[in-house]
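Undergrad: Residues per chain, in single letters:
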Amino acid sequence: EIVLTQSPTTMAASPGEKVTLTCRASSSVSYMHWYQQKSGASPKLWIYETSKLASGVPNRFSGSGSGTSYSLTINSMETEDAATYYCQQGSSYPPTFGGGTKLELK
Amino acid sequence: EVQLVESGGGLVQPGRSLKFSCAASGFTFSDYAMAWVRQAPKKGLEWVATIIYDGSSTYYRDSVKGRFTISRDNAKSTLYLQMDSLRSEDTATYYCARQIPGYNWYFDFWGPGTMVTVSS
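Quick note, the sequences are listed as chains A and B, same order.
Counting from 1, position 56 in the first sequence corresponds to residue 37 in this note's numbering; the numbering is continuous, with no gaps.
To convert, count from 1 in the second sequence and add 77; that's this note's numbering.
Some hints could be false.
Said to hold, decoys possible - DEER-style ranges, computed between Cβ atoms:
{"no.": "1", "chain 1": "B", "residue 1": "Gly92", "chain 2": "A", "residue 2": "Glu30", "range": "34 to 44 Å"}
{"no.": "2", "chain 1": "B", "residue 1": "Ser94", "chain 2": "A", "residue 2": "Ser(-5)", "range": "27 to 37 Å"}
{"no.": "3", "chain 1": "B", "residue 1": "Val82", "chain 2": "A", "residue 2": "Ser43", "range": "28 to 38 Å"}
{"no.": "4", "chain 1": "B", "residue 1": "Asp161", "chain 2": "A", "residue 2": "Thr(-9)", "range": "36 to 46 Å"}
{"no.": "5", "chain 1": "B", "residue 1": "Tyr180", "chain 2": "A", "residue 2": "Ser45", "range": "17 to 27 Å"}
Said to hold, decoys possible - Below are the DSS-like pairs computed for lysine-lysine, each with C-alpha atoms no more than 25 Å apart in a straight line:
{"no.": "6", "chain 1": "A", "residue 1": "Lys87", "chain 2": "A", "residue 2": "Lys19"}
{"no.": "7", "chain 1": "B", "residue 1": "Lys119", "chain 2": "A", "residue 2": "Lys87"}
{"no.": "8", "chain 1": "B", "residue 1": "Lys142", "chain 2": "B", "residue 2": "Lys96"}
{"no.": "9", "chain 1": "B", "residue 1": "Lys96", "chain 2": "B", "residue 2": "Lys120"}
{"no.": "10", "chain 1": "B", "residue 1": "Lys96", "chain 2": "A", "residue 2": "Lys83"}
{"no.": "11", "chain 1": "A", "residue 1": "Lys25", "chain 2": "A", "residue 2": "Lys87"}
{"no.": "12", "chain 1": "A", "residue 1": "Lys33", "chain 2": "A", "residue 2": "Lys83"}
{"no.": "13", "chain 1": "A", "residue 1": "Lys(-1)", "chain 2": "A", "residue 2": "Lys87"}
{"no.": "14", "chain 1": "A", "residue 1": "Lys83", "chain 2": "A", "residue 2": "Lys(-1)"}
{"no.": "15", "chain 1": "A", "residue 1": "Lys19", "chain 2": "A", "residue 2": "Lys(-1)"}
{"no.": "16", "chain 1": "A", "residue 1": "Lys83", "chain 2": "A", "residue 2": "Lys19"}
{"no.": "17", "chain 1": "B", "residue 1": "Lys120", "chain 2": "B", "residue 2": "Lys142"}
{"no.": "18", "chain 1": "B", "residue 1": "Lys153", "chain 2": "A", "residue 2": "Lys19"}
{"no.": "19", "chain 1": "A", "residue 1": "Lys19", "chain 2": "A", "residue 2": "Lys33"}
{"no.": "20", "chain 1": "A", "residue 1": "Lys83", "chain 2": "B", "residue 2": "Lys119"}
{"no.": "21", "chain 1": "B", "residue 1": "Lys120", "chain 2": "A", "residue 2": "Lys19"}
{"no.": "22", "chain 1": "B", "residue 1": "Lys119", "chain 2": "A", "residue 2": "Lys25"}
{"no.": "23", "chain 1": "A", "residue 1": "Lys33", "chain 2": "A", "residue 2": "Lys(-1)"}
{"no.": "24", "chain 1": "B", "residue 1": "Lys153", "chain 2": "B", "residue 2": "Lys96"}
{"no.": "25", "chain 1": "B", "residue 1": "Lys96", "chain 2": "B", "residue 2": "Lys119"}
{"no.": "26", "chain 1": "A", "residue 1": "Lys25", "chain 2": "A", "residue 2": "Lys83"}
{"no.": "27", "chain 1": "A", "residue 1": "Lys83", "chain 2": "B", "residue 2": "Lys153"}
{"no.": "28", "chain 1": "A", "residue 1": "Lys87", "chain 2": "B", "residue 2": "Lys120"}
Unchecked claim - According to the in silico footprint, chain A covers these stretches of chain B (three or more CB under 8 Å from chain A):
{"no.": "29", "stretch": "116 to 126"}
{"no.": "30", "stretch": "183 to 195"}
Bear in mind the hints are in silico, worked out from the structure with no lab data behind them.
Source: prediction; values computed, not measured.
Note that the Cβ used here is the ideal one computed from N, Cα and C, for glycine as well.
One chain only, chain B, in its complex shape (with noise of 0.2 Å):
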């Protein structure tokens, strides 16, 4: 059985950063490109950012390009999201998100989420 597990969110303070991770199992991480998706409360799902299989390419949304990484750590079947710079409106759930393979994207399990709260 696929699962993702996120963990790490919590409050922050604009400007600050924040890591958090996600733990994959029931299938081959190294197999699959891996996203972060997420949703503002009371809002619609919003794509963040994209890693290949092997970490060799990254994709962000504009808003987050230069303040966010994505990365991932195959041996540990993890996925990873370093926010620095943090706005209050990166507020959010953060989902992780399997990627199915090839040129047109999308996402066949989601974990539960983590939530985001950047407030002073």
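With the rest of the complex left out, here is chain A (with noise of 0.2 Å):
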């Protein structure tokens, strides 16, 4: 089973500062999905395929990466992204996700 370390596990950030969350595999992926869950709701699919925004997300948001190591950027930070972020891999079975980043606002 491929694990998934996120980091930071929390972080705070100001109003227009530009935000990197990062997850790290114990071993290549082809794919890193990224899921936005706010509290006491569901998550919801934020950007999947490595880079690909779903439907509704601001372009403010991007991913990247390759093999072990993915990352989700904000480039300015605004109040609505105030979240927890979970990164997960499909690509190999079974299907996991990495503890999550706790993303506040400073």
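Now that you have both chains on their own, put them together as the hints suggest.
TA: Okay, here's the thing in structure tokens:
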């Protein structure tokens, strides 16, 4: 089973700040997917196949990476971006999720 | 609009069974694999099971294999999860999720979830 390690576990960012969240896989994967989850709500697909934005996701978000290292970047933090973000790999069975990064507003 | 709505969660004693369902609408249910993903309180996400579009193949995480059964009724656009021999570690919110077709598994729509508490 591929283990995904997200860092940092928690961080705070000010409005307008650039934010980068990292996800490292214990073995190489073909793609990484990202989900946003706000408190009390279900997860939403946010970025799929490493770099494609899901419908309705603002273009200040981007995704990149390959092999064992992937990242989600917010070009300019906004209030509504405060949430927990999970990475997920599905190219190796079983599908696994990272532990999440909680992004707070500073 | 894609909608997934789970129902049937609740409080159950260890060792007992529970079955809940997920009603799907807004898309051709029989075209998609479906999955259950759970989240223990204050914890991360954990894939539980997947069933392919026609129900002919199912997949489970090791910790639920032999105890949980995923099934579907395409005529009713409904997904099910039968949970037997429940353990305290099965306590979680269970989400029904639509799975993208193909070999790269990920989930594009999620239901609001149903809470299952396993406790005596």
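Undergrad: Would you mind marking each hint as holding or not holding in the structure?
TA: Do the hints match the structure? See the list:
Roughly 42 Å separates the CB atoms of glycine 92/B and glutamate 30/A, a value that falls within the hinted 34 to 44 Å. For serine 94/B and serine -5/A, the Cβ-Cβ distance of about 50 Å falls outside the hinted range of 27 to 37 Å, so the restraint is violated. The given range of 28 to 38 Å is respected by valine 82/B and serine 43/A, whose C-beta atoms sit roughly 32 Å from each other. Range check, aspartate 161/B to threonine -9/A: Cβ separation about 37 Å, and the 36 to 46 Å hint holds.
Between tyrosine 180/B and serine 45/A the CB atoms are about 22 Å apart, so this pair conforms to the stated range of 17 to 27 Å. Between lysine 87/A and lysine 19/A the CA atoms are separated by roughly 17 Å; this keeps the pair inside 25 Å, and the hint holds. Distance check on the hinted pair: lysine 119/B and lysine 87/A sit about 22 Å apart at the alpha-carbon level, within 25 Å; holds. Between lysine 142/B and lysine 96/B, the direct Cα distance comes to roughly 16 Å. Compliance with the 25 Å bound is thereby established for this hinted pair.
Taking the CA atoms of lysine 96/B and lysine 120/B, the gap is near 23 Å; set against the 25 Å cutoff, the hint holds. Under the criterion of a C-alpha separation no larger than 25 Å, the hint pairing lysine 96/B with lysine 83/A is inconsistent with the structure, at around 32 Å. With a C-alpha separation of about 23 Å, the suggested pair lysine 25/A and lysine 87/A falls inside the 25 Å cut-off, and the hint holds. Annotation: proposed proximity of lysine 33/A to lysine 83/A holds, straight-line Cα distance about 21 Å (limit 25 Å).
The suggested pairing of lysine -1/A with lysine 87/A holds, with an alpha-carbon distance near 13 Å, which does not exceed 25 Å. At most 25 Å may separate the alpha-carbon atoms for a hinted pair to count; lysine 83/A and lysine -1/A meet this at roughly 15 Å. Restraint check for lysine 19/A and lysine -1/A: the C-alpha separation of about 20 Å stays at or below 25 Å, so the hint holds. Note on lysine 83/A and lysine 19/A: the hinted pairing holds, with a Cα-Cα distance of about 10 Å set against a maximum of 25 Å.
Our distance criterion of 25 Å between C-alpha atoms is met by lysine 120/B and lysine 142/B, whose separation comes to about 21 Å. Distance restraint check for lysine 153/B and lysine 19/A: the Cα-Cα separation of roughly 31 Å exceeds the 25 Å cut-off, and the hinted pair is therefore not satisfied. A C-alpha spacing of about 21 Å is found between lysine 19/A and lysine 33/A, which places the hinted pair at or below 25 Å, so the restraint holds. Simply put, lysine 83/A and lysine 119/B have alpha-carbon atoms about 12 Å apart, close enough for the 25 Å limit, and the pair holds.
A distance of roughly 13 Å separates the Cα atoms of lysine 120/B and lysine 19/A; the hinted pair therefore holds under the 25 Å criterion. Between lysine 119/B and lysine 25/A the alpha-carbon distance is near 17 Å, which keeps this suggested pair within the 25 Å criterion. Between lysine 33/A and lysine -1/A the CA atoms are separated by roughly 19 Å; this keeps the pair inside 25 Å, and the hint holds. Restraint check for lysine 153/B and lysine 96/B: satisfied, since their Cα atoms lie roughly 16 Å apart, inside the 25 Å limit.
Simply put, lysine 96/B and lysine 119/B have alpha-carbon atoms about 23 Å apart, close enough for the 25 Å limit, and the pair holds. Between lysine 25/A and lysine 83/A the alpha-carbon distance is near 15 Å, which keeps this suggested pair within the 25 Å criterion. Between lysine 83/A and lysine 153/B the alpha-carbon distance is near 38 Å, which puts this suggested pair outside the 25 Å criterion. The suggested pairing of lysine 87/A with lysine 120/B holds, with an alpha-carbon distance near 23 Å, which does not exceed 25 Å.
Interface restraint, the stretch 116 to 126 of chain B with chain A: holds (4 residues with C-beta to C-beta distance below 8 Å; minimum three). For the stretch 183 to 195 of chain B, the stated coverage by chain A holds: 8 residues have a C-beta nearer than 8 Å to a C-beta of that chain, and at least 3 were required.
Checked against the numbered hints listed earlier, the structure breaks hints 2, 10, 18, 27; every other hint is satisfied.
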